[in-house]
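Put together the whole structure using the sequences plus the hints.
Protein chains: 2
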Amino acid sequence: MTDINEPLTQPADRRVETPAARKASPAREASLLALAELLFFAYRDFTRDPDTILKDFGFGRAHHRVLHFVNCHSGLRVADLLDALNITKQSLGRVLKQLIDQGYIVQEAGSVDRRERLLYPTAAGRALVKRLAAPQLIRLADALKAAGPGAEAALRRFLEAMINAEERPKVSSIMASTPVALEDDGKGEAS
Amino acid sequence: MTDINEPLTQPADRRVETPAARKASPAREASLLALAELLFFAYRDFTRDPDTILKDFGFGRAHHRVLHFVNCHSGLRVADLLDALNITKQSLGRVLKQLIDQGYIVQEAGSVDRRERLLYPTAAGRALVKRLAAPQLIRLADALKAAGPGAEAALRRFLEAMINAEERPKVSSIMASTPVALEDDGKGEAS
DNA sequence: GAAATTAAGTCAACATGACTGACATAAACG
DNA sequence: CGTTTATGTCAGTCATGTTGACTTAATTTC
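Those protein sequences? They're chains A and B, same order as listed. The first sequence runs 1 to 191 under the numbering used here. The second sequence runs 1 to 191 under the numbering used here.
Take the hints with a grain of salt, since some may be wrong.
The list treats identical chains as interchangeable, and a pair is accepted whether it falls inside one copy or across any two copies.
[What the hints assert, rightly or not] Lysine-lysine pairs mimicking DSS-like chemistry, simulated, CA-CA at most 27 Å apart: (1) K170 - K145; (2) K55 - K23; (3) K170 - K97; (4) K55 - K170; (5) K23 - K130; (6) K130 - K170; (7) K89 - K55.
Hints were generated in silico from the structure; no laboratory data involved. Nothing here was measured: the structure is a model prediction, and the numbers come from that model.
Okay, here's the thing in structure tokens:
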């Protein structure tokens, strides 16, 4: 209790602070803080619809993320997934195992390097992804429309710049791979 | 703009396929999915810096959210906070208690309704918020700059539209209250 | 071909922050 | 006065994140 008035000289380490001290005006700071708040609210609601659907399957948001990446970049390796999600093998293992056991994802040994397990969505997996994505796509499309012309391009530039510079190559490489649309190509072996 | 979307009658319950209308082209869907992915990456990195700092204090992201709202909208009631965060009393209670016990937040009975506990940041709380916000403000400012002129206004319109329509009044009302800048000036405990 | 490295899977143990539902208190309202 | 409201709290559960150590299989390196 009590180092209330302590000046917070944290042990943390010299993180951030960026080069030449950037000092925004208080008004500018308040404006950016409000933007951060908006981002929080937007993201909160963006994830809400799929979260609700997932509950019916006994899944959580972690499953959604895995399903999304496996569907949109099908054939990626477990290591790629770990990289994209930035979680531990253990964490991923739990949800991935469930998704595999329940038939939403299959794995296949890599043809060049057979240690690698390449991940693919099953038809059921594609159908579930499609269903989870549906409300999000509508929300995104509506919001882009509301934001007006040009907003989409600006938004993409903004979001890309928000990503850690060191991570950008990794992200680009993942995003460049099999940018596949939501196809449930007929056969719905489950849902 | 295509009329990919229309009514947005999608309360998260009406799952599966939107009516008959609203079918985006596969290419458009892929493009929006990529946008969703970017949003995930951006948000992931946006929260990373403060998360790292918080660990040094034994706090988590939940503490950050509470601190942020109490600082930016100081004097809000516990009920307002529950509304903003969309979590349960129990969940909030835990982190709020820690923040109060450790001297980052103080509460004061409302003057009109003494049942209400109005929340205020202490000097230590303001200092911590400032420190947590610093990397985020820099990131936001940089990203806005990278996105080019006009991006900020478009982004705000986009984010606002991403929020559930029913939630917007609540959000507006919270955001309208005491949009305070990051000042860790004099002033100590709650007024 | 043996050794080292790498990709993946797994174990145990643990922390955080969500949840539910029930209940206690104090203040305000009618 | 009794009811409702705002808050706080108890007990228990669940999802998802963490670390560190270890196994297995395949590839690479010497």
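A quick look at each hint next to the structure:
| no. | hint | in the structure |
| --- | --- | --- |
| 1 | K170 - K145 | between (30 Å within a copy, 23 Å between copies) |
| 2 | K55 - K23 | between (45 Å within a copy, 25 Å between copies) |
| 3 | K170 - K97 | within (24 Å within a copy, 40 Å between copies) |
| 4 | K55 - K170 | between (31 Å within a copy, 26 Å between copies) |
| 5 | K23 - K130 | between (45 Å within a copy, 12 Å between copies) |
| 6 | K130 - K170 | within (25 Å within a copy, 31 Å between copies) |
| 7 | K89 - K55 | both (23 Å within a copy, 21 Å between copies) |
In summary, the structure agrees with every hint in the numbered list given earlier.
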